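Student: Sequence:
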Amino acid sequence: RLRLQSPHSYKLWGLGVGRRSRAHRLVLPRCVVMSLTRSDDLDHLVLWAPRIQTLNLQRCYGLSSVKLLDKRPQGFSGRAYAFTGTPSEFAIDVASTRFGR
1 RLRLQSPHSY KLWGLGVGRR SRAHRLVLPR CVVMSLTRSD DLDHLVLWAP RIQTLNLQRC
61 YGLSSVKLLD KRPQGFSGRA YAFTGTPSEF AIDVASTRFG R
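When the letters of the sequence shown are read in order and numbered with my numbering, they come out as residues 1 to 101.
No lab work stands behind these hints: they were computed from the structure.
Treat the hints with caution; some may be incorrect.
Derived EDC-like pairs (lysine to aspartate or glutamate); straight-line CA-CA distance at most 20 Å [said to hold, decoys possible]: (1) LYS67 with GLU89; (2) LYS11 with GLU89; (3) LYS71 with ASP41; (4) LYS67 with ASP41; (5) LYS67 with ASP93; (6) LYS71 with ASP40; (7) LYS71 with GLU89; (8) LYS11 with ASP40.
Small disclaimer: the values here were computed from a predicted structure and weren't measured.
Take the sequences, apply the hints, and build the full model.
Tutor: As structure tokens, this is what we get:
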């Protein structure tokens, strides 16, 4: 069982899925900081990380959609996915992505 609190990567490749319906879904109940800098082929992402404070998607040139979930997705239950309280407010860095084009 993974309990990632601050996953970081630089130039992580192989994440492109082509269609929004096939987006990678990350369920990270303990994550506070996450960085996927220069994951150039990442195009779609769905994320549930209720404790996150910083999300860096800087220079993910292929990124065109990010869906931030406010509730735990179905199929994820048990103590590892437990969260009570209000999801955090946080900053997202999407500099040099396809957002705003």
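Student: Hint by hint, which ones does this structure get wrong, listed from lowest number up?
Tutor: 2, 3, 6
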